[in-house]
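Can you build the whole structure from these sequences, using the hints too?
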Amino acid sequence: MNTPQMFADDPSLYINRELSWIRFNRHVLDEALDPSHPLLERVKFLAIFANNLDEFFMIRVSGLQRQLSKGVLKAPPDGMTPARQLEAVHKMLLPDLDAQNECWHKNLLPELATAGIHLHTYADLTGPQRAAMDEFFSNEVFPVLTPLAFDSSHPFPFISNLSLNLAIIVRDTNRKEFFARVKVPTRLFSRLIRIPGPDGTVARDDSCVHFLYLEEVIAAHLDMLFPGMEVVGSFPFRITRDADLEIEVDEASDLLTTVEEIMEQRARGKPVRIEVDCSMHDGICHMLEKKLGVRSSMLYRVGHPVGMADLMQLMSLDRPELKDSPYPPSAPEELAEDRDIFSAIREHDVLLYQPYDSFSPVVNFLRQAANDPDVLAIKITLYRVGSNAPVVNALMEARENGKAVAALIELKARFDEENNIGWARALERQGVHVVYGVVGLKVHAKLCMVVRREKDGIRRYMHLGTGNYNATTARIYTDFGLFTCDKAIGDDVAHLFNFLTGYARIDQYQKLLVAPVTLRKKILEKIEREITRHLEHGDGHIIFKMNALVDPECIAALYRASQAGVKIDLQVRGICCLRPGIPGISQTIRVTAIVGRFLEHARIYYFRNGGDEEVYLGSADLMPRNLDKRVEILFPIENADIRRSIISSILPVQLGDTVKSRSMNPDGTYSRVVSPDDATRLNAQSWLVAHRGSWYDSRT
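Just so you know, numbering that gives the first Met the number 0 puts the end of the sequence shown at 699, numbered straight through with nothing missing.
Any given hint could be a false lead.
[As the list claims (entries may be wrong)] List time: in silico EDC-like cross-link candidates among lysine to aspartate or glutamate, alpha-carbon distance up to 20 Å:
| # | residue 1 | residue 2 |
| --- | --- | --- |
| 1 | Lys-454 | Glu-346 |
| 2 | Lys-182 | Glu-288 |
| 3 | Lys-182 | Glu-86 |
[Said to hold, decoys possible] Distance ranges between label pairs, derived from CB positions:
| # | residue 1 | residue 2 | range |
| --- | --- | --- | --- |
| 4 | His-690 | Asp-133 | 53 to 59 Å |
| 5 | Gln-429 | Asn-138 | 40 to 46 Å |
| 6 | His-153 | Arg-413 | 32 to 38 Å |
| 7 | Lys-322 | Thr-172 | 52 to 58 Å |
| 8 | Lys-322 | Asp-133 | 30 to 36 Å |
| 9 | Asn-173 | Asn-138 | 29 to 35 Å |
| 10 | Leu-244 | Asp-133 | 41 to 47 Å |
| 11 | Val-71 | Thr-145 | 14 to 20 Å |
| 12 | Glu-524 | His-89 | 52 to 58 Å |
What the hints contain is simulated information worked out from the structure, not anything from laboratory work.
Owing to the predicted nature of the structure, the values given are computational and were not obtained by experimental measurement.
Just so you know, even glycine gets a beta-carbon here, dropped at the ideal spot from N, CA and C.
Laid out in structure tokens, this is it:
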């Protein structure tokens, strides 16, 4: 077997993380092209693809641009310098952008029209429709527009991140041309403006609807903004700015103030991408490149509309036949609102698997704690709670009822900072002890502890999860949550909260694997143990299900296990830097990825362990940031019934998917997993919807 250093010295054994991410996002685009999805769900996937790209440029591409500008030559394990990565990213994205445009114009747009959802250009509007838009523009849009000229007396206007704009060329009576910019007010109006039908009739329902892009409304009325000038042309464009600003604080800093300052700086980050309508003249493109300080490779000509993430608006239409069929999520009867949830947890551990199971028991857990006279305290970590937060409301109710409530709200949760600051202040006003985070670390662990006085003494009740305490995302993200009152786990959670809220330090935990303290070391030890057990028993098996596999040390450990003959199944939804199927290196490793109706977000770590099987769930992916720069937990599943359900039911279904699963090839590309016949077709997510609740109803 090779040594870890030998693996580290061979860049051919690692896939570049940026290119791996682009392949993942292509899977999202493939779902938009899949006719088996209802029509509006396909539009949703197209919007998600575009939104993912926005974040990719704001965070990952911007990071490469910064490295390039600083002259960084150090390469990641795959050996690609920042310059090579940027070149490869650009080259790899171009066919995906073409496919996105073709998907919209040749597939989705005609099908939407057939379904009675019409997206018009201004040119094809009827007289009554134009009259309605004249009135709408004059009364509502015109008063909020500010045309900004650019010439010797007018500096080039600042263009905010992801804002939609019109680049306008106007000509005076002397035939001299001028440039102006108008920001499209998408924060004040919907991007898609609902308009009357061709005869001017306003639809009473959503069975037949008509839309016009807001920028087209403005473009058709530019003569009102530039009276006395001839409008030569107008072209939509948007820019993407660097939003990956590091939050550096020390013990003397005010974290909340620092985060607020960073949020203001983010809006003014350096441009990393310009998207322009494909009709834009070359001269305007060159002018934008020059004034924004970007290279020509950073400008992307895209088909109409610019900024397809806004198409998500169509999901609000009341057209259930064009969406996935709803289903009632299940929940254990003993966790119903009118039952004593603490008695149920004392009886046995309970596992929930959202969105197949309801998130309501989690909220009920906190509401009962808030109103139970025997509950003394509640402690919780909050990462992304959303704008509608029943969990936060329950914490406020608990404080009103005199409970000691402590909440760690991670202010550094990217793109959720503003929302989290708002909730932090609301909780503080209610008297909750709020901690903003930990210096030098991001708290990504999902855990809640309720401390209760009972006849036999103080007992701790815990909810440990793989996902956020967010009732909205719990309907679309797949995540596990475990209710337990195990004493050792309770001790570990108490110690961890003392670290998060105070100055306590502990290097060992009884049952939890905690980053950055023990998690990396324990995972590596368990992989090494699997090698030893396999050499003894010959049945070594590792199954990891996660969002991303990037960490070189963990990848090297998995290569060593494969060389020893251990069977390894990896289900990695997103980035995977490991190369499977290389003879003599990773030939026993299989990598699959599922992209489907729900976002696969749960993390499962399984070790055969010579027959003494272990299962851990938790918040951590195998990435350097998760293992070294975040507070993460993995928790053991010790209840035999729950463990059996995961090993015998959930994992085999996930690994056996032949509908939404892709198998990774040694070169990093993916191939669809195809069933030989209809009888063996298996859509894991559909199966889990149909069999929801079996992981707790199968107890003997």
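- Query: For this structure, which hints from the list above don't hold up?
  - Reply: Those not satisfied are hints 3, 11, 12.
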